[in-house]
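Below, each chain spelled out in residue letters.
Protein chains: 4
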Amino acid sequence: MLAATTVKMAAVNEVMARGRLEAFSDGVFAIAITLLILDVTVPPGSGAHLAHALAREWPAYLAYATSFLTISVIWLNHHAMFSKVSHVDRRLVFTNSVFLLVVAFVPFPTRLLAEYIRDSEGARTAAVFYGLVFILLSVVFNVCWRAIATGRRLVRDDVPEADLKAITRSFRPGIPMYAAATAVAFVSPVASAFLYLVIALFYALPARLVTRARS
Amino acid sequence: MLAATTVKMAAVNEVMARGRLEAFSDGVFAIAITLLILDVTVPPGSGAHLAHALAREWPAYLAYATSFLTISVIWLNHHAMFSKVSHVDRRLVFTNSVFLLVVAFVPFPTRLLAEYIRDSEGARTAAVFYGLVFILLSVVFNVCWRAIATGRRLVRDDVPEADLKAITRSFRPGIPMYAAATAVAFVSPVASAFLYLVIALFYALPARLVTRARS
Amino acid sequence: MLAATTVKMAAVNEVMARGRLEAFSDGVFAIAITLLILDVTVPPGSGAHLAHALAREWPAYLAYATSFLTISVIWLNHHAMFSKVSHVDRRLVFTNSVFLLVVAFVPFPTRLLAEYIRDSEGARTAAVFYGLVFILLSVVFNVCWRAIATGRRLVRDDVPEADLKAITRSFRPGIPMYAAATAVAFVSPVASAFLYLVIALFYALPARLVTRARS
Amino acid sequence: MLAATTVKMAAVNEVMARGRLEAFSDGVFAIAITLLILDVTVPPGSGAHLAHALAREWPAYLAYATSFLTISVIWLNHHAMFSKVSHVDRRLVFTNSVFLLVVAFVPFPTRLLAEYIRDSEGARTAAVFYGLVFILLSVVFNVCWRAIATGRRLVRDDVPEADLKAITRSFRPGIPMYAAATAVAFVSPVASAFLYLVIALFYALPARLVTRARS
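Same order as they appear, the protein sequences are chains A, B, C and D. Using our numbering, you'd call the opening residue of the first sequence number 1 and step up by one each time. Using our numbering, you'd call the opening residue of the second sequence number 1 and step up by one each time. Using our numbering, you'd call the opening residue of the third sequence number 1 and step up by one each time. Using our numbering, you'd call the opening residue of the fourth sequence number 1 and step up by one each time.
Honestly, the hints are just simulated from the structure, not real lab data. These numbers come from a predicted model, not from an experiment. Note that beta-carbon positions come from the ideal geometry of N, C-alpha and C, so glycine has one too. Only true hints are included.
With the C-beta cut set under 7 Å, the calculated list includes, among others, these residues of chain B facing chain A: (1) A30; (2) T34; (3) I37; (4) A48; (5) A204.
Computed list of lysine to any residue pairs in SDA-like fashion (alpha-carbon distance at most 20 Å, straight line): (6) A:K84 x D:R18; (7) B:K84 x A:G19; (8) C:K84 x C:R146.
Full structure from sequences and hints, please.
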């Protein structure tokens with residue numbers, strides 16, 4: 001009886017199949033990640049010293065790799081989050097749109113970081129701005145997760161409470177880590193740029209170790 | 001007997017599976033929305049005053065957010081519209097192509113708005129042009145909907161008439177609202193720019209309230 | 001017995017599911033079509049005369065609409081072509097790649113046409129080049145179709161011979177029409193630019209009439 | 001009993017459906033391949049000599065075609081590789097992300113090659129850099145394949161050992177071929193540029209012959 005009611009309510013609230021929202025989000029992730037390369041450039045007329053000019057572009061490569069891996073990790077977490085979802089309502093679609101708005105914004109701070117990290121005056125601003133965007137991204141990601149998990153609003157019936165808690169816990173370090181790296185940017189912009197990459201790698205690796213230990 | 005005939009006619013007219021047209025349209029939506037960031041830029045050589053230069057870019061952020069959320073809302077409505085469709089014929093494919101042509105055009109007025117909104121001479125033109133594109137988008141959207149719903153031409157048999165009317169009604173305020181905001185652009189381009197964002201938010205929110213009230 | 005052999009041979013030759021090749025091709029179509037807007041621009045510093053500058057951009061809008069609708073039509077034909085395919089072999093994948101290479105090339109001649117159509121010296125070259133690319137596209141499209149249909153190499157068993165002939169016939173006018181429009185470009189580049197649009201509309205419309213007549 | 005345990009372990013380790021990782025990767029492939037055209041340009045103000053200017057752009061066309069066909073071939077191999085996969089774990093997702101990072105990087109060396117191949121001073125560097133990126137791509141591709149095939153870690157039970165060996169063997173010539181072409185770049189950058197295209201064609205063709213011979 002209760003199950004039947006739940007299904008009926010789900011049908012009433014559901015604005016689209018979960019799969020379609022996921023596919024659309026995946027599209028935005030894939031495009032944002034691939035557009036990053038457009039900002040890796042070499043100054044025109046570098047012919048005579050092209051090898052040198054290419055070597056000098058290390059901030060562009062660093063920014064490219066950092067943003068690429070970070071968005072990859074976020075994509076993976078987005079998938080983990082949506083795999084718990086029973087149905088999609090208007091609030092989740094809206095929150096997800098705001099989240100994608102920030103994901104698709106990432107090429108801009110990436111370009112800034114690549115361009116200004118060696119600039120004695122602009123480096124600090126660029127590195128702080130980069131960190132702030134990722135703090136914002138973490139915040140919006142958590143808002144999405146709350147739209148799903150608070151009171152199990154949109155959670156599938158067969159997902160154990162422990163899984164939800166594990167996800168909530170795994171999202172917790174994001175904001176403080178980015179805040180710390182952003183604080184470092186005030187002292188050393190270059191150090192913070194490397195920290196942003198380390199955070200992406202940290203997110204990519206430990207979960208794997210956890211999974212291994214569990215199995 | 002009638003049902004069998006309907007199915008046969010559908011098979012004859014159908015030029016492609018509905019799912020494929022939706023997936024293709026979703027692709028265009030996702031790409032158009034993600035390309036918007038390419039027009040958020042910082043003037044070169046802003047190193048010394050980068051924070052100031054970033055703050056001065058508010059029209060670019062506003063235009064980015066407005067276009068991003070508007071296209072998101074249109075994508076959602078596009079989905080609602082197609083969820084009623086039984087089969088796809090050549091006329092719908094053609095109308096949908098013209099619709100996507102306007103969707104994919106949106107980055108251009110967005111760039112104009114971002115670039116000229118603070119220009120004492122170009123601001124009015126840019127804001128009016130932006131509004132005109134969205135009026136056009138609303139018109140083409142309605143043409144698409146008519147290709148589907150008039151005489152239930154391409155509507156699934158199990159969709160109640162009331163649902164069609166509700167959708168028709170929900171699309172009605174679009175053109176007058178954009179026309180009003182465009183009129184405001186003649187007086188105050190900046191005010192109209194904010195109005196465009198308010199329209200997107202208006203579209204994103206009330207439907208949610210309606211859904212809630214219904215359940 | 002024969003059917004079983006055919007199925008087995010198909011399995012041996014098949015290098016990927018038809019659906020995946022179609023989805024990948026759709027992605028390239030959707031991206032190529034959406035990138036076209038990046039070439040619609042307004043000269044910097046047009047503030048004082050922005051309305052005038054926007055009006056002067058008509059070649060960019062014409063080229064955008066023409067390429068957009070042409071690729072839409074080609075996408076639709078690509079779909080019709082692949083709907084007859086039983087399985088995908090290496091030769092079809094390779095031919096399709098070359099075909100996509102030309103599809104993804106379209107933004108370049110589009111940009112040229114938009115930029116040079118009003119240039120007294122470059123207009124002819126730009127309009128001829130545009131036509132040549134679409135002749136090439138028609139040729140490669142026919143090569144794809146031959147890889148599928150010659151000797152029913154990759155055609156599904158349930159597709160009647162008449163359907164294959166109808167498709168072959170519908171592809172026939174493409175090359176002569178583009179050749180004629182390209183020839184016109186030598187005399188009047190602007191006339192040929194409008195002809196390219198007319199060809200796209202011609203392709204989009206008659207098939208619809210045919211479908212109607214049939215039903 | 002063993003089978004049941006395997007299935008359970010797979011469920012524990014699986015971080016996402018194979019199909020979704022493939023679809024996401026396909027998206028990155030399709031976008032990277034289509035962005036290549038953005039780097040085919042004509043110097044402004046070429047009106048009077050546009051035909052000549054277009055002819056002079058042959059390195060851009062060559063680089064475009066080479067990168068396009070190479071990524072197409074890699075996409076096909078990526079598909080062949082994943083068709084053997086039983087489930088996806090965190091390690092494969094991470095390795096695949098690094099692989100996609102290099103795929104999405106390809107437009108940059110392509111642009112360099114197109115721009116500097118006729119530059120007496122920059123040509124060698126550009127051609128060597130191009131080769132190095134494809135060596136790196138081959139290396140990361142092999143790392144991906146090891147993450148799948150070593151000890152049949154993620155291989156479907158029904159895939160015969162001979163198939164895995166055939167794939168391993170087919171990947172072997174990639175690195176030496178790119179190393180040879182890169183070495184040629186030190187002597188003749190233009191020759192190496194053509195060699196890169198020949199390698200792509202070599203990869204596209206023999207496998208087809210193999211398939212034919214087998215059937």
